[in-house]
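**Q** Now for the letters of each chain:
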Amino acid sequence: MKTKRSHYKIRNYSFTKFSLCTAFLLLFLVPGFSQKFGKIEADIIRQKAHPEYPEEAAAYLFHNCKASYLVTSSDIFLQLEIHQRIKVYKQSGEKYSEFSIPLYKTISSRERFSGLKAVVFNDENGNIVETKFQNKNLFDENSTENLTTKKFALPNVKEGSVIEIKYKIISPFIYTIPRWYFQTDIPVDHSEYSVLIPSYLTFTPVPTGFIPIEKSESIVGATKETRYTFTAKNIKPFKEDKYVLNEKDYISSLKYELYSVHFKGQTPKYYSKNWNEISKTLMNDKKFGEQIRKKIKEVEPVIEACAGMEKHEKIKHIYDYIINNFSWNETYGKYTENGLKNLLKEKSGNVGDINLLLLNMLQKAGIDAKPLLTKSRFNGLLNTIFPTLTELNYLMAYIPKDNGYMVLDATSKYYPVGQLPLVAINMFGLLIEGESGKVVEMNNPNIYTSQTLMNYVLDADNDRLQGSGATRLRQYGATRMRIKADEKEDENDQDIEISFDEKNETEDDNELDDIINILEASNVDDIYKPVTIKYEKTLYRGINKIGNQIFLNATLDFGLKENPFLEESREFPIFYNSLTNYSHNVNIDIPENYTLSSIPEPIKFVLPDDKASFSYIVSFQLNKISIIYKLKINESNFLPEEYPSLKHFYDLIIEKQNEKIVLKEQ
Amino acid sequence: MGNDFPELAVRNIDKALLNNAYSVVRYDNTAVTLKSIENVQVHSSYAISVLNKKGDEWLVFSEMYKEGSSKIKDIVIEILDANGRLIKKVKKNEIEDYASNGDYSMISDNRVKLYQYHPTSYPLTFKVAFLYESKNTMILPSFIPIPGFNVSVEKSNYSIDNQTEIELKCKEINLNKYGAKNNGNHNYSIERIPAFEKEKFMPEAYSFLPVVYFSPERFVFEGETGSYSNWNEYGQWVYSSFLEKRNNLKNQTIKEELAKHLTDPDNKISIIKDLYKYVQQNMRYISIALDEGGFQPMLSGDVHKLKYGDCKALSFYMMTLLQAYNIDSKYVEVYASSTRKIDLFTDFASVAQGNHIILNIPLEKDTIWLDCTSHYSPFNYLGRYSDDRQVLEISASGGNLIHTPGFSALENMNTDSVVVNLESDNRISGTVKINRKGLAIENTLGLLDAAEKKKTDFARKNIFSNKNQVQVLQAKMILDDEKIQMNERYSFEKKGFAEQLGEFTLIPTNLTDIDIPFLPKMKERNFDIHFKRPYMNKSELSLTLHSDYALLEKYEDVIIENEYVKYERSVKLEDRILTISRAFQLNKGKYPKEKYQEIKSIIDKIRKYENQKIALQNP
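Chain order of the listed sequences is A and B.
The numbering used here numbers the first residue of the first sequence as 28 and each following residue consecutively.
The numbering used here numbers the first residue of the second sequence as 492 and each following residue consecutively.
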């Protein structure tokens, strides 16, 4: 497994190290700041910390890429000239002197790497010392069949070093211009991406992120072609955040999408088009539309078996057949890999394979199921303004209903009809109806529902509560519990002496001195039924006896532990993986010799538009305390502007939870 | 399909083997043929039934080889259903071939053949056969019949057919415990081993699992022949093959270039310190494992120029620097792991028992230990990665087993002192100072040059018993290289620290966490209890109250002391200052499993004191 992980590391190249960057442009020369190779001011080499982000371990002084096309007598190549200068401020920033540059290849053609120049500058006792990289220390790694990686580490790098590197990649894959990241995990003082595209190719630039990017044009050469230059300055480092839908989308970047190819004397060929054209292309594709339409003998008995059923039964019948008989091979894709015939044989396929079969079977059974395409969640949001075919890598089935619609994804056997795996929940999708397409917004259908009822007796002599109860997990609540039950501890987590190492967050949960004895867990294996867990509990926490009074923390062992939102403000939208419907009811029998002194005031907080609500009612009657606690989150997405009110909402809950019930002994 | 294996049907598995098992090894045969000094073949075949999703890790075929010197051939992978019926035969083009750099290596020529099966239902059986062939005969496969936790074994068999005159040394461990048989002639077998589950504070797996290791007295490695039959000869071989000729730096060059880094050229210790500091500040750790890179360090001259290297290269480079000043040091092989403390075998020498290189410098009174791969590691400090274990020092005169230094509980100490004010809204604000000694410095060593936010995050998550509503505002960390101590200071506030209950105020005892271990309730304990590393944590809370509170009752000093742990607590209120002092010490030790309940009840009692709240009468 280890080896597999490292393979992913190679492919999933991080934007910091491998970003495809640039050459110098005289046009943008800032006075006193030269981007000429090797021309570096001594001041910057002596600089001890980044002027604006003094804590950062390193920074790009500039980070440039110049993309252009080379035309030979027989071929066309895309050339990327990358030029970057990095300042290392701290030892932990030395890793920015290690490079891994992926080069793609097919059987017949490959990307080439050339013209590497790299120098390291250091201030050694007042003298600027230059250390050149020797090409003999450049390694090639045959990473996979389709990928070679150039790897090298620059010499003599230490605190204070300035690194400069320049190289070219010459690619035969002229229709793919790599995404350019203006923002990285360290500050970028100047980032410039310039593109010169010949008139026979048309691209659409697709930006992401929030950083302002300046665009300028210049006409170059005898052919009077246009060079577009995109520049961003003083870019702050990208930092992760909690509760984020799609991190990649918040990093400022630019991607060129191929729109059309029009060689002289030939009819133009359009690539990125509008959504209707993309839909038409897909529906006529052998690996897509044809797979949905074709007759598949092997599954006919399954379809016939549901002939007399109601619509929702049919859907469930077909969906269940697929999740129980086919497994996802953890590869994304919208097309079938080797045809549905192969899927039927191998029983395992990519997202395209499995959900094409789902669409095929649903349609054959007379269900109005339509293809819904999106991007897998962790690859970024679907850009709704710039239609792209290549970015779509996830397929699901969309079924209109009387009061809305439902979306099906048959890649995981944990999810019942109506719920979606996290990776498939990504806001927008392309819905194909017939041969035309439109962008639709998808709701998060997953609702975490948990209901608990506990009955306790207060054992005042021993400062404890004893009782029994049940928790019922429904919808996504049950699904998540099933997934967790199947997860195994990390095998590498051999360390048994956790106490000496950094604690993992979940450990706290185990460290209850309270005693839980599970009596029964039902329906763990049936994904269509709620899970009910019955247990006995003895609680010591939250009970304090002082003199003749008992103070009970009314939320005992449940409720929110902490406000997850600690920062004062928020830059990115907040995204919850599921909606929440949590309720916890507790009854406590109080010994007769005790009377009530005080209980928390009942309360209800509601966020505007009922996006979230909290209600908490404690009452006392006939020597019985009753606590009703309800927390609902009804919306998956919150805007950064809503952050303060969401944070406040949590603060109020935490505060309320700390209020005590006070009992007095007679 | 015809090719069915009814004998591998899951229903044929003995019920006793299903207990705790996520998967069951049905058979596992390893047949090694040592054909000549430069040819070894290993025929492996096994079938493993995976009972549920938790056993998925066994549905992976992942075999490493080294480009140029070894091959993996004739791979046959078959998937059988619960009844032993063949449902899939994996095609050649489904098996992928990747460069494998592991987690630590930037560049290497190791490769891996990989295939992963994604099941649609359980149980199923993963059946594998393949041939591994290598020109390197230095490492022979070991007999490791129990491959992991929650796996039971029906039968496993191992044999070596030695077609050469080469003598094979072998080391048998724990064979009797599970009834493994030595059938003579390097043939071993074992049957019917039930699965076992991981337990907290259990001994290292190697201390109870049956394993047999083999090592040939003569072999070929990357085209060169070598031989050894004990650690001394092994050391000679490593020294003469990989170390002797790797220094291409002139003593004079080193002395000229480094003169300016030496503060006191007449003091030996001072020279060692300055050279170590020079290496830490100027050299970077990068893992490179090409050709003989697994064993041979880069030339010292290359390290000097490039300013990077792996553990071998940096240690060897440090050695050559020391040599220039006539200071003798030794190249030390260690099995490095922060989670597993494993000794090299005393009576069995073989390659690959170690995985890391450090240095030791024998002085008249003392021995200095250096790990040259870290920028931060203090001078003469071996941390959790290499402390307290048997290692091999290598020099021109050969190999010699020695033990690296460990730390006692009092040497592994965290001491915190918290000075805070209680505000009228139950909030506290103030500072916590922490002093860490010994292994405890590693809790924060890696954060030394991190951004403030990372430090405050760390503090929030790790210092407090209850991190809710804690805000760490400022963090400061200083490493005292001389004393090998970390000194930290955090300013923080915590809302809702005190609780108002009518006329009383409750104060938690355990604001900071002093690492009382948690022992779960267990119906049955299968393994002995092993506290591998001792430690001691002390905390003193000094809480200034805003008015005249009184202790509701007198809190007697608590002292719990026995062979396992020591716990002390005292609570005082004087002049509006509430002082709570606590100390917890865990002793190093191995105890029989029957003691589990006893130890647990002691720990539970301590945890109860920790969770107590101090009640104050409001003014």
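There could be a bad hint or two in this list.
[To be verified] Simulated pairs of lysine-lysine, DSS-like, Cα-Cα distance not exceeding 30 Å:
(1) K691/A <-> K275/A
(2) K924/B <-> K266/A
(3) K562/B <-> K572/A
(4) K1086/B <-> K1063/B
(5) K588/A <-> K562/B
(6) K691/B <-> K1012/B
(7) K668/B <-> K1057/B
(8) K657/A <-> K958/B
(9) K322/A <-> K275/A
(10) K579/B <-> K572/A
(11) K324/A <-> K275/A
(12) K691/A <-> K1091/B
[As the list claims (entries may be wrong)] According to the in silico footprint, chain A covers these stretches of chain B (three or more CB under 8 Å from chain A):
(13) 723-731
(14) 834-841
The set of hints was computed from the structure by calculation and includes no laboratory data.
In this text the structure is predicted, and so the values were computed from the model without any measurement.
Beta carbons are placed, not taken as given, at the ideal position from N, Cα and C, and that holds for glycine.
**Q** All hints, please: hold or fail.
**A** These are the hints, each one checked on the structure:
Simply put, K691/A and K275/A have alpha-carbon atoms about 57 Å apart, too far for the 30 Å limit, and the pair is violated. Pair hint K924/B plus K266/A holds up; C-alpha atoms about 29 Å apart against a cutoff of 30 Å. Between K562/B and K572/A the alpha-carbon distance is near 72 Å, which puts this suggested pair outside the 30 Å criterion. Taking the CA atoms of K1086/B and K1063/B, the gap is near 35 Å; set against the 30 Å cutoff, the hint is violated.
Proximity of K588/A to K562/B is assessed by CA-CA distance (about 54 Å); at most 30 Å being required, the pair is judged violated. Between K691/B and K1012/B the alpha-carbon distance is near 11 Å, which keeps this suggested pair within the 30 Å criterion. Proximity of K668/B to K1057/B is assessed by CA-CA distance (about 34 Å); at most 30 Å being required, the pair is judged violated. Straight-line distance between C-alpha atoms of K657/A and K958/B comes to about 24 Å, which keeps the hinted pair within the 30 Å bound.
Only pairs whose Cα atoms come within 30 Å are accepted, and K322/A paired with K275/A is rejected, the gap being roughly 40 Å. The straight-line distance between the Cα atoms of K579/B and K572/A is roughly 66 Å, outside the 30 Å bound, and the hint therefore fails. Our distance criterion of 30 Å between C-alpha atoms is broken by K324/A and K275/A, whose separation comes to about 42 Å. Of the supplied pair hints, the one linking K691/A and K1091/B is violated, its CA atoms being roughly 35 Å apart against a limit of 30 Å.
Residues of the region 723-731 of chain B lying with their CB closer than 8 Å to a CB of chain A number 0, which falls below the three-residue condition for coverage. Using a Cβ-Cβ cut-off of 8 Å, 0 residues of the region 834-841 of chain B lie near chain A, which falls short of the minimum of three, so the contact claim is violated.
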